[in-house]
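All chains should be modelled from the sequences, with the hints used to inform the complete structure.
There are 2 protein chains.
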Amino acid sequence: MKTYTRPLDFKHGRVDMTHGSGGRAMAQLIDELFVKHFVKHCSNDMLAEQGDGACFALPAGAGRMVMATDSHVVSPLFFPGGDIGCLSVHGTINDVAMMGAKPLYLSASFILEEGFPLADLQRIVISMANAAREAGVVIITGDTKVVEEGKGDGVFITTTGIGVMPEGIALRASNIKVGDKILVSGMLGDHGVAIMSQRENLTFETTIQSDTAALHGLVAAILDAVPNLHVLRDPTRGGLATVLNEFAKASGHGMVIQEKSIPVRAEVAAACELLGLDPLYVANEGKLVAFCASDDAEALLAAMQAHPLGRDAAIIGEVIADEHAFVQMNTAFGGRRMVDWLNGEQLPRIC
Amino acid sequence: MKTYTRPLDFKHGRVDMTHGSGGRAMAQLIDELFVKHFVKHCSNDMLAEQGDGACFALPAGAGRMVMATDSHVVSPLFFPGGDIGCLSVHGTINDVAMMGAKPLYLSASFILEEGFPLADLQRIVISMANAAREAGVVIITGDTKVVEEGKGDGVFITTTGIGVMPEGIALRASNIKVGDKILVSGMLGDHGVAIMSQRENLTFETTIQSDTAALHGLVAAILDAVPNLHVLRDPTRGGLATVLNEFAKASGHGMVIQEKSIPVRAEVAAACELLGLDPLYVANEGKLVAFCASDDAEALLAAMQAHPLGRDAAIIGEVIADEHAFVQMNTAFGGRRMVDWLNGEQLPRIC
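From first to last, the protein sequence lines are chains G and W. Under the UniProt record's numbering, the first sequence has 327 at position 327, and the numbering climbs by one with no breaks. Under the UniProt record's numbering, the second sequence has 56 at position 56, and the numbering climbs by one with no breaks.
Any given hint could be a false lead.
Which copy? The list can't say, so a pair holds if one copy fits it or any two copies do.
[As the list claims (entries may be wrong)] Under the rule of at most 20 Å between Cα atoms (straight-line distance), these lysine to aspartate or glutamate pairs were calculated in the DMTMM-like manner:
| # | residue 1 | residue 2 |
| --- | --- | --- |
| 1 | 151 | 114 |
| 2 | 151 | 113 |
| 3 | 151 | 205 |
| 4 | 249 | 31 |
| 5 | 249 | 32 |
| 6 | 151 | 120 |
| 7 | 151 | 16 |
| 8 | 151 | 200 |
| 9 | 260 | 322 |
Just so you know, the hints here were simulated from the structure itself, not pulled from any lab data. Bear in mind the structure is a predicted one, so any value in this text is a computation, not a measurement.
So, in structure tokens, the structure goes:
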């Protein structure tokens with residue numbers, strides 16, 4: 001039954017306060033934008049039912065589940081290699097995947113600013129739908145709120161993901177032991193530098209693209225090869241340095257990494273110098289850090305490198321006994337320096 | 001291990017961009033605010049582990065689950081009867097409960113505006129912790145982002161809830177049949193009028209309090225009494241009129257309600273007149289609308305009235321055959337009028 005007098009104008013229209021009112025304008029936005037794209041792309045009966053939530057059957061034998069959530073406030077909304085839409089799908093899938101779980105479903109909640117172009121919103125929603133379909137994850141429920149001009153910033157998207165945990169997997173910082181090897185799955189710093197270049201209007205010979213990607217396929221592949229993997233984490237805000245410091249604090253051990261082993265694109269290293277950034281602290285959206293027993297490191301590296309998203313993987317360091325739980329780096333010049341927590345802000349609104 | 005030089009200043013401190021950076025300041029905010037209150041109140045091992053997400057065991061025999069999400073942008077943040085904190089817990093619990101499910105876990109994601117007082121944030125977090133504990137629901141994971149001053153509005157909170165669906169329950173609009181009775185669980189309009197009075201700086205002889213409350217206990221009680229209940233919905237944004245129109249559209253049937261049967265406090269009716277509002281369209285945060293077969297209506301009413309949150313429940317109307325799926329109301333003056341979809345905005349940022 002059609003109840004709208006004319007379709008939404010996705011060419012010239014803008015978000016207004018009525019789109020968050022609970023009334024007819026909101027129902028139309030949900031029908032003609034969210035349901036249209038999320039259902040079309042996912043043959044998603046659950047979202048089409050439009051209750052206050054969505055019901056789903058548990059996979060047979062599921063014993064444990066994982067839940068993860070992320071608000072996305074990235075600025076600018078569109079950047080080389082992606083946009084807030086696909087980022088908000090990848091980011092939460094990756095949080096679920098880092099626990100070792102298989103992501104199944106997402107919710108998506110939008111906080112829209114009055115005046116935001118419907119064309120941009122449509123582009124973002126299509127990007128989310130495509131990212132979810134490619135990842136095999138279904139967006140089953142959502143919410144839309146609208147705030148007055150000047151009380152938001154275009155669009156913020158909060159996604160929550162749930163997934164099923166395979167039997168016997170327990171990835172956690174307390175698994176980390178002295179002697180463990182530390183691996184990264186590829187080149188660091190691409191996402192943060194792509195955003196900052198866009199924000200500062202910098203152009204380089206080659207455009208640096210965000211690495212935004214869903215990592216659950218890579219995680220499944222490496223867990224298959226090395227079921228005794230100790231822990232995984234995606235180095236997003238705060239970058240590799242933050243992940244290592246969090247794990248050092250949580251495990252009570254120290255870490256030493258080798259600067260010359262850390263994969264960073266030459267363009268990214270050059271852009272970081274220009275922007276005054278340290279690639280160790282720059283956000284990634286399609287990379288992971290893994291810890292495993294020394295004996296498993298070569299098998300883990302091979303499994304990573306065999307996957308398209310882990311081609312440039314490398315062993316970058318190891319866990320050492322250190323009661324201060326410091327993270328240190330042997331520099332390319334032969335010295336050793338501390339890799340401290342990020343103090344202050346480096347890159348605001350990077351994700 | 002303590003890694004912070006001094007504790008956060010919850011008396012005079014303010015949110016700054018570093019609290020969203022991924023670095024030390026963010027870790028401190030999480031430790032000293034979110035983990036402290038959510039863990040203390042819930043003996044919550046999962047959040048204390050601080051991975052990218054949380055893992056939980058499924059209840060034995062669970063076959064289906066429900067997921068619901070809501071972003072909360074209510075303004076003002078504090079209002080008579082509640083605040084954005086407890087509202088964000090109740091709102092999502094209620095969305096899960098309206099499906100007939102038992103809510104178990106919540107995620108909570110914060111978008112903070114630079115400069116927001118830490119004292120207010122602490123008050124909100126404590127309110128969330130208390131609301132969750134009282135409801136027997138655990139906040140297991142979360143996220144924090146910070147946006148620049150003027151790009152947000154104090155704090156926005158997105159919560160996502162998951163719950164377990166009991167065997168055999170399938171509440172949905174397509175269950176609605178001609179002849180069904182329509183019930184509401186209590187007085188309508190309290191929440192919206194409490195917010196609007198605060199916003200417009202109106203005072204009445206008695207302060208009108210928001211009805212914000214978690215309804216899953218009431219839902220469990222009424223499902224116990226009437227397992228064949230057809231459908232439930234909480235009349236939040238857009239109020240009772242919006243719920244009835246959504247259900248009319250989804251079921252393809254018409255509805256007639258009796259104005260004189262609809263419970264509205266005298267103070268709320270008076271405030272609505274003063275503010276130019278129609279109580280049928282005003283948001284509630286602790287009420288539900290239920291549809292059941294005519295034969296079950298008295299048992300349902302009795303079950304509602306036996307519960308503290310359903311004391312003022314009433315049968316307000318019924319479902320009729322109408323190919324236009326119109327919602328109509330027999331007025332107190334003996335006439336009949338259309339109850340249309342809300343056109344335009346009535347109450348922006350009410351939840």
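Going down the list of hints, with the structure as the test:
1. Taking identical chains as interchangeable, the C-alpha atoms of residue 151 and residue 114 lie at most 20 Å apart whether they share a chain (9 Å) or sit on different chains (12 Å).
2. Taking the shortest Cα distances, residue 151 and residue 113 sit within 20 Å of each other both inside one copy (7 Å) and across copies (10 Å).
3. Taking identical chains as interchangeable, the C-alpha atoms of residue 151 and residue 205 are never at most 20 Å apart, the minima being 37 Å within one chain and 33 Å between chains.
4. Taking the closest pair of Cα atoms, residue 249 and residue 31 come within 20 Å of each other only across two copies (13 Å); inside a single copy the shortest separation is 47 Å, beyond that limit.
5. When the C-alpha separation of residue 249 and residue 32 is checked against a cutoff of 20 Å, the pair qualifies only between copies, where the shortest distance is 16 Å, while the shortest distance within a copy is 48 Å.
6. With identical chains, the CA atoms of residue 151 and residue 120 are at most 20 Å apart both within one copy (18 Å) and between copies (18 Å).
7. For a Cα distance limit of 20 Å, the shortest separation of residue 151 from residue 16 qualifies both inside one copy, at 13 Å, and across copies, at 17 Å.
8. Within a single copy, residue 151 and residue 200 get their C-alpha atoms only as close as 24 Å, which misses the 20 Å cut-off; across copies the closest is 19 Å, which meets it.
9. Neither within a single protomer nor between protomers do residue 260 and residue 322 lie at most 20 Å apart by alpha-carbon distance, with minima of 23 Å and 75 Å respectively.
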